[in-house]
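Trainee: Going down the list, the protein sequences come from chains Z and A.
If you're matching positions, the first sequence starts at 800 in the numbering used here and goes up one per residue.
If you're matching positions, the second sequence starts at 800 in the numbering used here and goes up one per residue.
Just so you know, the hints here were simulated from the structure itself, not pulled from any lab data.
Check each hint, because a few of them may be wrong.
As the list makes no split between identical chains, a pair holds if one copy fits it or if it spans any two.
[As the list claims (entries may be wrong)] Subject to a maximum C-alpha distance of 25 Å in a straight line, what follows is the list of computed SDA-like cross-link-like pairs (lysine to any residue):
{"id": "1", "residue 1": "K841", "residue 2": "R1118"}
{"id": "2", "residue 1": "K1081", "residue 2": "P1005"}
{"id": "3", "residue 1": "K841", "residue 2": "E914"}
{"id": "4", "residue 1": "K849", "residue 2": "R950"}
{"id": "5", "residue 1": "K1081", "residue 2": "V1143"}
{"id": "6", "residue 1": "K1081", "residue 2": "P1100"}
{"id": "7", "residue 1": "K1081", "residue 2": "E1049"}
{"id": "8", "residue 1": "K841", "residue 2": "D920"}
{"id": "9", "residue 1": "K849", "residue 2": "D942"}
{"id": "10", "residue 1": "K849", "residue 2": "G917"}
{"id": "11", "residue 1": "K841", "residue 2": "R831"}
{"id": "12", "residue 1": "K849", "residue 2": "D1108"}
{"id": "13", "residue 1": "K849", "residue 2": "A923"}
{"id": "14", "residue 1": "K849", "residue 2": "R1122"}
{"id": "15", "residue 1": "K849", "residue 2": "R951"}
{"id": "16", "residue 1": "K841", "residue 2": "A820"}
{"id": "17", "residue 1": "K849", "residue 2": "S947"}
{"id": "18", "residue 1": "K1081", "residue 2": "D878"}
These numbers come from a predicted model, not from an experiment.
Number of protein chains: 2
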Amino acid sequence: MPGPTPDSSRDVRPTLEAVAALAGVSRATASRVVNGGAGVRKPLVEQVRKAVDELGYVPNHAARTLVTRRNGAVAVIIDEPEFRIFSDPFFSQQIRGISRELSVYDAQLVLLLVEGSGDFDRVARYLAGGHVDGALAFSLHMDDELPSIIRRFRVPTVYGGRPGRPGAASEPALPYVDCDNRGGAAEAVRHLVSLGRRRIAHIAGPRDQTSALDRIDGYRDVLPEGDPALLAEGDFTVEGGARAMTQLLERHPDLDAVFAANDLMASGALRVLRERGRRVPKEVALVGFDDMVSIAEITEPPLTTVRQDVEGMGRLMVRMLMRRLNGEGEGDELESVITPTRLVHRASA
Amino acid sequence: MPGPTPDSSRDVRPTLEAVAALAGVSRATASRVVNGGAGVRKPLVEQVRKAVDELGYVPNHAARTLVTRRNGAVAVIIDEPEFRIFSDPFFSQQIRGISRELSVYDAQLVLLLVEGSGDFDRVARYLAGGHVDGALAFSLHMDDELPSIIRRFRVPTVYGGRPGRPGAASEPALPYVDCDNRGGAAEAVRHLVSLGRRRIAHIAGPRDQTSALDRIDGYRDVLPEGDPALLAEGDFTVEGGARAMTQLLERHPDLDAVFAANDLMASGALRVLRERGRRVPKEVALVGFDDMVSIAEITEPPLTTVRQDVEGMGRLMVRMLMRRLNGEGEGDELESVITPTRLVHRASA
Chain Z
800 MPGPTPDSSR DVRPTLEAVA ALAGVSRATA SRVVNGGAGV RKPLVEQVRK
850 AVDELGYVPN HAARTLVTRR NGAVAVIIDE PEFRIFSDPF FSQQIRGISR
900 ELSVYDAQLV LLLVEGSGDF DRVARYLAGG HVDGALAFSL HMDDELPSII
950 RRFRVPTVYG GRPGRPGAAS EPALPYVDCD NRGGAAEAVR HLVSLGRRRI
1000 AHIAGPRDQT SALDRIDGYR DVLPEGDPAL LAEGDFTVEG GARAMTQLLE
1050 RHPDLDAVFA ANDLMASGAL RVLRERGRRV PKEVALVGFD DMVSIAEITE
1100 PPLTTVRQDV EGMGRLMVRM LMRRLNGEGE GDELESVITP TRLVHRASA
Chain A
800 MPGPTPDSSR DVRPTLEAVA ALAGVSRATA SRVVNGGAGV RKPLVEQVRK
850 AVDELGYVPN HAARTLVTRR NGAVAVIIDE PEFRIFSDPF FSQQIRGISR
900 ELSVYDAQLV LLLVEGSGDF DRVARYLAGG HVDGALAFSL HMDDELPSII
950 RRFRVPTVYG GRPGRPGAAS EPALPYVDCD NRGGAAEAVR HLVSLGRRRI
1000 AHIAGPRDQT SALDRIDGYR DVLPEGDPAL LAEGDFTVEG GARAMTQLLE
1050 RHPDLDAVFA ANDLMASGAL RVLRERGRRV PKEVALVGFD DMVSIAEITE
1100 PPLTTVRQDV EGMGRLMVRM LMRRLNGEGE GDELESVITP TRLVHRASA
């Protein structure tokens, strides 16, 4: 990325010396005022502030960070391409919780967008630059470099979702917030069993994410002897859910229930079932995961699904990070939190 | 926002001296390597890099910026609450264009989210901290403080949409990218006139945004003698469009066409027309603005609308900013760009 020419005279920023000169005070006094220091008489404070405003003086960033180590900013990093972040309501709900809770702490939310994992070099440079006090990272994949980048630059971080690689035995666990993926999935499948369904399929998420693996485990907890052909893998998108549903109907035309690992895939599955003339829930009962109200309440029929408190989890991540930044326990000692899930009954199952 | 206790020994970052000592080189040599400088023999470069990795050394941010004044990062600031940014496809399209083009320049997109205009103090502090090389700002409102904040901290900036307050006569104009709001609106209304429609209503956007005002002007250009009761104000949301349509039908039950200032409001208007049993386009013809494909192609009937190249405008904003950062003309001299619009014919008019 190009920068301005170094000798560009029009781009020279005013110095603290210029502020002091304009205010008619010593450099030390000007410095104390700029750094919010006490011990300066009020009229002098006002003179200096006026000079700062007049000159458009910008305090030296690093000098301030050395004193307080506070940028008043927290990075949010999501390992998904920008278009998924804006099309999957899961991310907007989580960001909503984070944004609202950061406001409470008067901290600026800095969302670092990437086009793909290849862009993490750039994210690493930004984190290395010391522009943020901490980070919240989510949607990690198994082969994700982010935890090692974060560890290398010693950025206090809380993860959303259990990270896939806990690291070598010598490395401490990473602090995270996650919902009870396994327990919630098991509850969904038990509900389908209780309705008398016998051929219960599962549309799983991508196997490089722990949330998908844990939900498969919950499905298997209830159906340990289930036919492996009743399990198809989607990618947490509407289209992925539709593709998986098509495969499942080809392999098992007699299936009578589907548990999809998120609501987006459930809505894709629902479309395929409707196109094939399968009545939901009469012929095929369907349960999703997430309880994204913007999806689950508008599908026809509305979706029975496993609710997780996505916004609340975002808020919790912020509070954990703030405790860490407050010096209350290192990240290494910060306890991870698993939040409960709850089956929400609607018409689809 | 709380920071770690200053004397927290576990939080001490490794110094350049420690890197030099571990690598067995002088501090000057270590500094040259860290700053990417030439003139250091390759084996020494490798020794220093190894020490940097081992210690997790983070280069002093300000020292680097003083040399190059490049953070490799650009802020994107949108004066809308976070929930609107994630629910209005206009913003995701613009961010998509910006994200892709910034990738070309290997610059990190830093999206600064706010809950409301009250949060601009915090954004100002972040900009003042010198964490970004420049900014892209959009969705400004008339009373927006953002331009004055940006001017004060001398952050090179390109605006998306013509800013509402060009500033005092002594202040130079702000560089912006916008579409031909007025010309596009006039084309939409001329199309409705050409279909023989005589009572053409307009659902306008909020009057504190120039895009809304310019589209009203385009409507008036074609219908200078139109009944003022045929104009209702929405807020660029689906619900706002529905409310405005309800008002218009109460005031003018005989209206035979509607031009809505964006597609979201057009889809809300369409819902109300359907609920009232008005056939579109037979009884009421409807034209939107934006051509958000995710809306205009899925409404029933599909929406005739004024297309603006939102993603392309985002890309253009990045290229203009990069020219500025390259020293090719100051912001004051950078020419603003108005991009053309085009009427896209679908079934609704």
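Trainee: Against the structure shown, which of the earlier numbered hints fail to hold, in ascending order?
Mentor: 1, 2, 3, 12, 14 and 18
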